[in-house]
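Below, each chain spelled out in residue letters.
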Amino acid sequence: KTQVEQSPQSLVVRQGENCVLQCNYSVTPDNHLRWFKQDTGKGLVSLTVLVDQKDKTSNGRYSATLDKDAKHSTLHITATLLDDTATYICVVGDRGSALGRLHFGAGTQLIVIP
Amino acid sequence: DMKVTQMPRYLIKRMGENVLLECGQDMSHETMYWYRQDPGLGLQLIYISYDVDSNSEGDIPKGYRVSRKKREHFSLILDSAKTNQTSVYFCASSPGQGVANSDYTFGSGTRLLVI
Chain A
1 KTQVEQSPQS LVVRQGENCV LQCNYSVTPD NHLRWFKQDT GKGLVSLTVL VDQKDKTSNG
61 RYSATLDKDA KHSTLHITAT LLDDTATYIC VVGDRGSALG RLHFGAGTQL IVIP
Chain B
1001 DMKVTQMPRY LIKRMGENVL LECGQDMSHE TMYWYRQDPG LGLQLIYISY DVDSNSEGDI
1061 PKGYRVSRKK REHFSLILDS AKTNQTSVYF CASSPGQGVA NSDYTFGSGT RLLVI
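Chains as they are written, first to last, in the numbering used here: chain A, 1 to 114; chain B, 1001 to 1115.
Hints listed in this document are in silico derivations from the structure and should not be mistaken for laboratory results.
Treat the hints loosely; a few may be bogus.
Unchecked claim - Cβ pair distances, simulated, as ranges:
no., chain 1, residue 1, chain 2, residue 2, range
1, A, G60, B, K1062, 33 to 43 Å
2, A, D67, B, T1083, 38 to 48 Å
3, A, D83, B, T1005, 30 to 40 Å
4, A, I113, B, R1111, 18 to 28 Å
5, B, S1067, A, D67, 40 to 50 Å
6, B, N1084, A, N59, 34 to 44 Å
All figures in this text were calculated on a predicted structure; none of them were measured in a lab.
Idealized CB from N, CA, C, for every residue including glycine.
With the hints as extra help, turn the sequences into a complete structure.
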């Protein structure tokens, strides 16, 4: 059973618009949550890591929230650029060490059009 | 420049052939991983290596084996490849055990087609 669900599956926005990506999970324990960006044909690049029970992070035009009580995270992208076109993957770590497992969502495919 | 390098980037093999995927990292990370990524699915862990000759099965190890003889190098081997092993394979590395919220570095992937 999929333990990390992302929505929407795909999203098309116009350059300059804002967008919000959702991640719901059932992983227990939920030590931390990461958002990765994956350009087509490339590897995963970490955008942000959320750790606290209710956490917020900001990294330029990317901001993210985590609510461990609701087991829910959001990734906000402000003023989208064409280069934001990619797949965004939500990943939940069940421990804070290399002994822990990462649980991957299937990703949200974001397409930014002119 | 810290990175994980995967070779080859693209590979076509016939069913029954042996396949060797190679991964190297230059960060002295203790832990290395092999994942596969299939359409519509999240990355699935094949094997994890905690250090030289210290390897553990992941969630889908069947049909695969690994080798880690040097800390910076981690190989994935498919003995007698099957068509359902067509996938994109990612290698990743992270600092050693006990490091909270370890950062992960991924390679660019190897696209394997088994015909």
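Tested hints:
no.: 1; hint: A/G60 to B/K1062: 33 to 43 Å; verdict: holds, 42 Å
no.: 2; hint: A/D67 to B/T1083: 38 to 48 Å; verdict: holds, 42 Å
no.: 3; hint: A/D83 to B/T1005: 30 to 40 Å; verdict: violated, 24 Å
no.: 4; hint: A/I113 to B/R1111: 18 to 28 Å; verdict: holds, 27 Å
no.: 5; hint: B/S1067 to A/D67: 40 to 50 Å; verdict: holds, 42 Å
no.: 6; hint: B/N1084 to A/N59: 34 to 44 Å; verdict: holds, 38 Å
Hint 3 from the list above is the single one not met by this structure.
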